[in-house]
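Peer 1: With the hints as constraints, model all of the structure from the sequences given.
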Amino acid sequence: MRPDESWAAVERWLGAPIATPLREAIARHGGDEIGAVRLYAIDELIERNQCYETQVYCPGYLTVGDDGGGRAILVHAALTPSTVFVVGHGSMSEDDFVAVGDDLASWLGAGCPLD
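Taking our numbering, the leading residue of the sequence shown gets 27, the next gets one more, and so forth.
Pairwise CB distance ranges, derived in the manner of DEER restraints:
| id | residue 1 | residue 2 | range |
| --- | --- | --- | --- |
| 1 | PRO47 | PRO139 | 17 to 25 Å |
| 2 | GLN76 | PRO43 | 18 to 26 Å |
| 3 | ARG38 | PRO139 | 29 to 37 Å |
Bear in mind the hints are in silico, worked out from the structure with no lab data behind them. For glycine and all other residues, C-beta sits at the position ideal for the given N, C-alpha and C.
Peer 2: Put into structure tokens, the structure is as follows:
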């Protein structure tokens, strides 16, 4: 599937547009491992978010990666807020979100710190 088709599929599944900076970050880093974080490629987003039921428990958010240790990396699809969060896969609730970055670009540039 072409990237534009993949994005259209993700937006249909999510029911909301994906912010341009988020698209750009995934296009550039999707499939990469940065520090302890693996960022999902565009063609993995729907499957991973369905698996972790992100849309059910964290509406508006998108799981964009994981730490390989049972925690999801989430951002709001519209980047409002622009904060990057981690949350345990077994506890996908905004109440359990832990902020690890003020904005996606800075967080990626800093090597995806998790604490």
